[in-house]
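First residue of the sequence shown: 4, per our numbering; consecutive thereafter.
Hints in this document: simulated from the structure, not taken from any laboratory.
Heads up, some of the hints might be wrong.
Derived DEER-like restraints, expressed as beta-carbon distance ranges [said to hold, decoys possible]:
no.	residue 1	residue 2	range
1	Ser317	Gly410	48 to 56 Å
2	Asn168	Ala489	17 to 25 Å
3	Arg618	Leu395	52 to 60 Å
Where is the CB? At the ideal position from N, CA and C, for every residue including glycine.
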Amino acid sequence: MAAVAELSVSRLSICPSGSTTGKRSRTQIATFGKLCAVTSSPRAALKTRRQIGGLQKVWGSFLPLRSPADKRNLGQYRAAAAGGGASPDHDKVQEFEDLVEGAANISASGTDNLHSDDESDPAAAVEEKMLSMSEAFGVSNTTCNTIILSIAATAIAVPAVGLRNPAIGQLLGLAGGTLRAKVLAYVTMLFGFYMAWNIGANDVANAMGTSVGSGALTLKQAIIVAAILEFAGAFLVGSHVTHTMQKGIVDSAAFQHNPSLLFCGMLASLASSGTWLQVASYYGWPVSTTHSIIGALVGFGLVYGGFGAVYWGSLGRVVGSWLVSPLLGAVVSFIVYKCIRTFVYRAENPGLAACRAAPIAVFTGVSGLSFLSLMDGSNLATAAAKACGSGLLGAVAMHFGINQQLGPVLKSLKARERSPKADRPVERKSKTGGPKGLQLKMVYKVFGYLQVLSACFMSFAHGANDVANAIGPISAALSILYTASANAAAGTVTVLSTDVGISTGVLAWGGFGIVAGLLVWGYRVIATIGKKITELTPTRGFAAEFAAATVVVLASRLGLPVSATHTLVGAVMGVGFARGLNSIQGDTVKSIVASWAITIPLGASLAVLYTAILRIFIKVLV
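Could you put together the complete structure from these sequences and hints?
Structure representation (structure tokens):
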């Protein structure tokens, strides 16, 4: 028992008292303190208590000098660095350097795992309870409540102002029609905000979950970056994306003589999808918003329009994408991570290898993704030239950025690389050959930069595509509503259609809803993707995000309706498989797969129920 306590205490992470790891260390220390009290060896218990006391004193220290031996090692290290004095014991000096660099790495980046990416230690993981919003952001409950109330007030007030102000109403699509039509339009905007809020709470974790889990971004930084890029993607590019759920699932012609039923179905689809996403977000399950809204539309169409009201061909493509997207994500991330382990971690100088590989990775990623986004069948050469130019610009920027941030360290590593092997200090590596200490810190730092870039791309792409899961039904419902109003005023009948354009005001409204959901509840799913499927570091997170972004963009160009959620979860699992099956958290994977399996039928059932309820209150549109 005492041996177990001593071993466990020796493995505690030393970090600032204010960080998450510090809180976990304090919890561990309290547990081991109780363990010492019941041990059968008083001497061992006393020694363990002293270790605990030493750890408690260095929580806020950058340099953990725990004993006179540590101070002697530091003196030897400084003497060796200055080129004078007796030759030190390289093993002891390197061990002390690893301790110092490890503490610095935690203090600088918040990364909990100081082992190589080749190592896996599930036994050391500590189960954490779900954080509250105040704990996640480090603010008071009063501040959190103020933010939530402000968001709610804005969501209620803006459409209401649009009903009275013609300019705002025109921007939001609320102008024109009878009073009843305006009230129903106001209700539609609220339903759409609810759906967009839940997309932000659940789906935005696709882009930022791995960055937070690996320590490349803090939760606050991820929220800010995601908020800006998700809104930009939704507002600037969202109108150019064709969405299967908007025009390829339900045939509006089947409801030609009953427009109020189709209107109720659109609202019910938003409400049912939002309800399921809210439940999933509460428990931290990363489910697909695309599949949720499609399931709702299919359920409504089958029950109220019959078998012919559903486009089964489009639905078959969606079902196929469920298998294709996570599989491709896993395969690509597996290959990317294996390349990192082979050409970076197993290099003679991993830190330098990472710095040299970063511009190549940026050029490859930016060029490939730009080409897929820009290519046109009639002008592939121009698209390729623009893509290569963008990739070259990104590679040059990454090269100079790394030299600016890590210049002195790079010079030291290059000098060590040029020196004869006999004169080099002994390099310590992990049990499986991966880097440790300064080398590991360098690798994490470089791939932290790469992961931030991949997260930004993923976030912008997600905003441009998935925002229409909320905006599409909003626009369709508003089109149905005002078509009915125009028909009633003119005494004519026109063909109903849900394939309509999206106004900039509605795009902005959807972007606001996504940002609001991300702020209030997004951290829950970020924790699941970032930490609970498999332990993540910047290298693993980059492999997963790069793979997911590549698959999503490629599938979009091929016209495959893949799920960003499924793709990223598959990519994270691919990284876990590359490290070994014991690196996958089986219980978490099972809960995610179960949530996927019930998304479609549950969304369909709720849509049928909500449609029946809405028809009680909305019998006619004008």
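Next item on the list: May I ask you to test the hint 17 to 25 Å on the CB atoms belonging to Asn168 and Ala489?
Entry: At 22 Å between Cβs, range holds.
Check: Honestly, do Ser317 and Gly410 meet the 48 to 56 Å range at C-beta?
Finding: Given range 48 to 56 Å: holds, Cβ gap about 54 Å.
Notebook entry, point to check: Do the beta carbons of Arg618 and Leu395 sit within 52 to 60 Å of each other?
Noted result: Once the Cβ atoms are compared, 59 Å apart, the range 52 to 60 Å for Leu395 and Arg618 holds.
Checked against the numbered hints listed earlier, the structure breaks none of them; every hint is satisfied.
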